[in-house]
Every structure is written in structure tokens, then in C-alpha cells.
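Chemist: Given next are the chains, with one letter for each unit.
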Amino acid sequence: MIRFENVGLRYGNGQEVLRDITFDLLPGSFHFLTGPSGAGKTTLLRLLFLSLRPTRGNAFMFGRNVTKFTPAQRAEMRRRIGIVFQDFLLLDHLTTWENVALPLRVRGGKVEDYAEDVTELLKWVGLGDRMRAYPSVLSGGEKQRAAIARAVIGRPEVLLADEPTGNVDPQMARRLLRLFIELNRLGTSILIATHDYQLMSQYNAPRLQLENGRLHIHE
Amino acid sequence: MKKKGAIGMTMEATETTLPVPVQERQLTPQAVLGATPIVPPDTVTGRSLTIVIAIMCFLVSLTAGFVYMIQQSASAWLRDIQSEITVQISPDPRGAAETDKKVAEIADFLKGQIGIAKVTVLSSEDVNALVSPWLGKLKSFEVLPMPRLLAIEIDRANPPDIVPLKAALEARFADAALDDHRRWRRQIQTLTSGLAFAGLAVILLVAAATVAIVIAAARSAMASNRSIIEVLNFVGAEERFIVRQFETHFFKLGVKAGLVGASAAAAVFVLMPLLADYFGGASATDAEIRRFIGSGTLDLTGYLILVLMVGLIAVICLLTSHFGVKRILEAQNR
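Protein sequence lines, in the order shown, are assigned to chains A and B.
Residues in the first sequence are numbered from 0 upward in steps of one, following numbering that gives the first Met the number 0.
Residues in the second sequence are numbered from 0 upward in steps of one, following numbering that gives the first Met the number 0.
Check the hints yourself; a few may be wrong.
Derived coverage of chain A by chain B (criterion: at least 3 residues anywhere in the stretch with Cβ under 8 Å from a Cβ of chain B; other residues may be distant) [said to hold, decoys possible]:
1) 20-30
2) 95-106
3) 158-167
4) 195-208
Listed next, the in silico DSS-like pairs over lysine-lysine satisfying Cα-Cα at most 25 Å (straight line) [to be verified]:
5) K67/A <-> K325/B
6) K251/B <-> K165/B
7) K109/A <-> K110/B
Just so you know, the hints here were simulated from the structure itself, not pulled from any lab data.
Quick caveat: nothing in here was measured; it's all calculated off a predicted structure.
Backbone N, C-alpha and C define an ideal beta-carbon position, used for all residues, glycine too.
Required output: the full structure, derived from the provided sequences and hints.
Modeler: Put into C-alpha cells, the structure is as follows:
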């Protein structure tokens with residue numbers, strides 16, 4: 000589904016921040032991406048999310064080379080990938096319901112066609128009574144669940160999450176992990192970037208470890 | 000989701016204790032239906048931009064209106080001057096009766112020429128009125144050797160050839176002199192061309208300043224919307240969808256602000272005759288100003304020019320947002 004072969008990335012003329020990154024994300028897989036702060040986890044996620052292009056090597060997504068994507072193809076690819084940002088990136092002027100519905104709205108869908116799906120998903124992530132609330136009044140955990148709901152509403156084949164438990168207490172972290180596991184069981188490939196070892200210890204999944212810009216895979 | 004069977008089950012996540020209700024903001028009907036505009040219509044930067052655009056549109060509309068008004072007035076002036084010539088007849092030393100006889104002969108001669116529509120002999124009262132700004136209420140016609148004047152209206156559809164007409168008149172009547180106002184006309188043309196050029200230069204300067212200010216203000220408004228562009232980009236919105244959201248928003252903003260500015264300028268033109276009366280009173284200067292800039296109000300074309308300025312401002316806003324969003328998207332998709 001996603002394949003990186005000796006991918007490298009440098010900013011401008013600086014040193015490579017990622018070197019010889021090689022891995023496969025198969026359909027239905029679950030991975031943790033870990034490493035110390037500044038190791039390049041977010042950068043690798045940005046490569047996976049097509050907001051950066053590799054400066055060397057080959058990266059394939061759904062069978063296509065990422066370096067050759069047109070803006071329209073990039074948008075199409077992003078619809079197949081859901082992402083949960085560390086800082087949520089919810090739009091403050093939209094309600095929780097509208098934030099979650101956004102990916103379907105930008106695809107030109109009609110409200111009546113997706114309204115039920117959005118409501119049901121919000122109930123599923125425990126935000127059934129917060130649908131009309133604006134992000135400014137949501138707690139950290141609620142924002143995180145809203146961000147996850149937005150990432151999965153379009154039924155992506157891959158879900159990328161950047162430090163999804165970074166802003167929540169251990170109990171909420173466990174609940175969010177259960178949410179990811181359940182999504183994985185339903186067929187979505189999951190990649191969670193985290194340096195929370197306690198979280199990783201709760202689920203047996205391969206770890207992609209980044210150190211000094213190099214990737215080591217621990218099955 | 001449930002009806003399509005993707006995430007149709009109740010999950011453990013719902014075991015979570017329900018959040019404590021907190022005060023929610025007053026929801027608009029659109030928000031309830033999920034139709035809140037993606038670009039928020041009313042923000043602090045949006046309000047500042049509206050004010051800036053309204054002021055610049057007011058200035059550019061005012062300038063354009065003034066230049067148009069002066070041009071129209073000067074053109075009308077020139078048309079009037081071009082359609083009339085004057086013949087001066089020196090007074091006959093033998094007396095007024097002889098002068099009147101000569102005036103009648105010249106008038107008959109002129110009436111018989113091709114291209115002359117009407118010949119009017121100016122009375123002594125008319126001539127006194129003409130020279131009164133310089134000589135006051137003095138009965139100049141009686142105390143001074145004033146020439147007699149003939150106002151000749153030209154047939155605009157079939158104008159005479161002035162040079163041979165002048166030669167024929169002056170050859171036959173030694174005391175008659177024809178004036179086609181050529182010198183005066185040239186002076187007015189020079190003056191109006193100068194004014195038009197200066198006006199155009201002012202319009203260009205104001206327009207350039209408007210463009211620069213609107214672009215700068217729109218860019219800062221765009222920067223405040225960067226996070227919206229980022230989210231739309233990352234949830235898989237196509238570039239043209241994102242660009243269209245902002246184009247629509249900024250175009251509407253430009254039209255709204257432009258209408259405010261142009262309406263204020265239109266109000267100035269509507270009120271100008273009253274203001275001229277109030278400040279100028281009945282002085283000679285007031286009359287001269289009126290002669291120079293016309294009635295002080297715009298005609299329909301003038302108001303259409305103001306509408307055009309609104310369109311221009313709105314298009315500037317649209318283009319600025321178009322290129323602004325593209326630039327931000329390029330930076331986000333390096």
C-alpha cells in the first residue's frame with residue numbers, strides 16, 4: 000500500500016534529516032513510529048502525508064510514485080489517508096459536527112447524504128452530546144477524539160496519528176488506543192507516531208524506530 | 000457509517016463518562032445544518048480589510064467622478080463654442096442710424112451663406128450685460144464707442160467653411176470682423192487636456208495605492224486564514240475548491256466594501272450643488288466654478304463609472320486571494 004525505498008530528505012542544502020528510509024505499510028497493518036524528540040517522526044509523517052517530497056529514493060503510495068503527483072492526484076491520495084495532528088487543527092468557527100463532516104463536505108457531498116454517518120461516528124467516539132459545541136469549549140481529550148473522527152469519516156485506507164496521546168491523561172490514552180485498535184480491526188492500516196512507551200507496551204505491534212534520521216524496524 | 004457497515008458498532012469508547020455540559024455559543028441555523036461558511040465571514044482582519052477597501056474605493060471613485068465631470072463640462076463648453084461664431088461691427092462715425100443699416104446688411108449677407116443656421120443681432124442691453132463684469136452698471140453702449148455684435152449659430156450638420164466666409168465678409172464690409180473663437184477654443188482644449196492628464200495621473204496614483212493597500216490588507220487577512228487553508232488541504236480538498244472558497248469570500252467582501260465607498264462618493268456628488276451653494280453663496284466665483292465643473296453632479300454614465308470602480312476593487316480582492324491561496328498551498332505542498 001505504502002512503500003518507501005531508500006528515501007532521504009534534506010531541507011535546502013542542509014544535512015539529510017531522514018536517510019535511507021525503507022519500509023512497507025501493508026493493508027490492515029498496525030505500526031508504532033517512535034524515537035526521541037527531534038528524530039524526524041513528524042517529518043516522516045509529513046512525507047507520508049504528501050506535505051513534503053523526498054529528495055532522494057523512491058516512495059510509492061497505492062502503487063504510484065509520489066514525486067509525480069499533480070495537485071489533483073495529491074488531493075485524491077489524501078482522501079485515502081486520514082491524519083490526526085498533534086495540535087488537532089480543528090477549525091474554531093465550525094462546530095464539532097461540522098469539523099468532523101469537513102472531509103465529506105469538501106468532496107462535494109450533500110449534507111443529507113452524510114449527516115447520519117457523521118452523527119453516528121461522533122456518538123461512537125463518545126462525542127454524541129458535544130456535536131454542537133465549538134472546539135474552544137472542548138477538553139483536550141474531546142478535541143483529540145473529534146480530530147480522530149474527522150480523520151476516519153472519509154473511511155481512509157491508512158490512518159496516521161502524530162502523538163495522539165500527547166495531550167491526554169493515561170486513562171484517555173488507553174481509550175484512544177482502543178479506538179485505533181478497533182479501527183484497525185475494521186480494516187484501516189494504522190501508524191501512530193509516539194514516544195509514549197507505556198502506550199506502546201499496551202499493544203503488541205511492530206515498531207518503526209527513528210534514530211539520527213535512520214529507521215530501524217522492530218517486529 | 001452504520002448504514003454502510005464501516006464503523007457500525009458501538010465501541011468501548013462510548014463507555015467514557017459523558018463530558019460535563021459547558022456553555023455552548025449561540026448557534027446560527029447554518030451551524031446546526033452544517034452549512035457554516037468554511038471561510039468565516041466576520042473576523043477582525045476581515046473588518047479591517049472592509050474599512051480599508053471602503054476608504055480606498057471612496058477615494059478612487061471620487062477622483063474618477065471629478066475627472067469625468069470636468070471632462071464632460073469641458074466637452075460641452077467646446078461644443079457650444081464650436082457651434083457659434085461672432086461678428087463685430089465697428090460703430091459708424093456718421094451715427095447710430097448708419098450703424099444699424101450696416102448691421103442689417105451684414106446680417107442679411109450672413110443669412111444667405113451656406114451653413115448658417117441663425118443670425119442674432121445683440122441689443123444694446125445684451126452688450127451692456129456682457130461688459131458689465133468689467134464696467135459695472137455704466138451704460139457703456141451710450142457713453143462709449145461700443146461695437147455691435149452678431150451672434151451666429153452654425154448649422155452643425157452642415158457647417159460653413161470659416162476661412163472663405165471670413166474673407167468674403169471682411170472684403171465686402173471693411174468695418175466687420177469675424178471671430179470663430181479659435182484662440183479661445185485652443186486655450187480651453189489645452190486647459191482641459193491638462194486637467195484630463197492630471198486627473199488621469201491622480202486616478203492612476205490612487206488606483207496604484209489602492210491596489211497596493213488592498214493587496215497588503217488581503218494578504219494579512221489571508222495569513223490569518225492560513226490554518227483553514229492547511230486543514231482544507233489536509234482533508235483532501237482539491238486546490239480549486241480551496242481557491243474558490245477564498246475567491247468567493249474576498250470577492251463578496253470587495254463588493255460590500257466597494258459599494259460602501261462608492262455610495263459615499265455618490266453621496267458627495269449628489270450633495271455637491273448644495274455644498275457649493277452653502278460655501279460659495281451667490282458670489283461670482285460660485286458661478287465660475289459651476290461653469291467650470293458643470294452642475295456639480297454626475298450623469299448616469301458618471302454613476303456607472305462609480306459602479307465600475309466597485310467591480311474593479313472586487314476583482315482586485317478576488318485576484319489577490321486567488322494568488323495568495325495558491326502561494327500558501329505551494330508552501331504547504333513543497
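Chemist: Against this structure, judge whether each hint is valid.
Modeler: Outcome of the hint check:
For a cut-off of 8 Å, the count of residues in the stretch 20-30 of chain A with a CB near a CB of chain B stands at 0, and the three-residue condition is violated. Counting residues of the stretch 95-106 of chain A whose C-beta lies closer than 8 Å to any C-beta of chain B gives 8; at least three are required, and the coverage claim holds. Here the stretch 158-167 of chain A counts 0 residues with a CB under 8 Å from a CB of chain B, which misses the bar of 3, and the coverage is violated. With 0 residues having a Cβ less than 8 Å from any Cβ of chain B, the stretch 195-208 of chain A misses the three-residue criterion, and the hint is violated.
Note on K67/A and K325/B: the hinted pairing holds, with a Cα-Cα distance of about 19 Å set against a maximum of 25 Å. Using a Cα cut-off of 25 Å, the hinted pair K251/B and K165/B is violated, with the two alpha carbons roughly 62 Å apart. A distance of roughly 81 Å separates the Cα atoms of K109/A and K110/B; the hinted pair therefore is violated under the 25 Å criterion.
In terms of the numbered hints stated before, the structure departs from hints 1, 3, 4, 6, 7, listed from lowest to highest.
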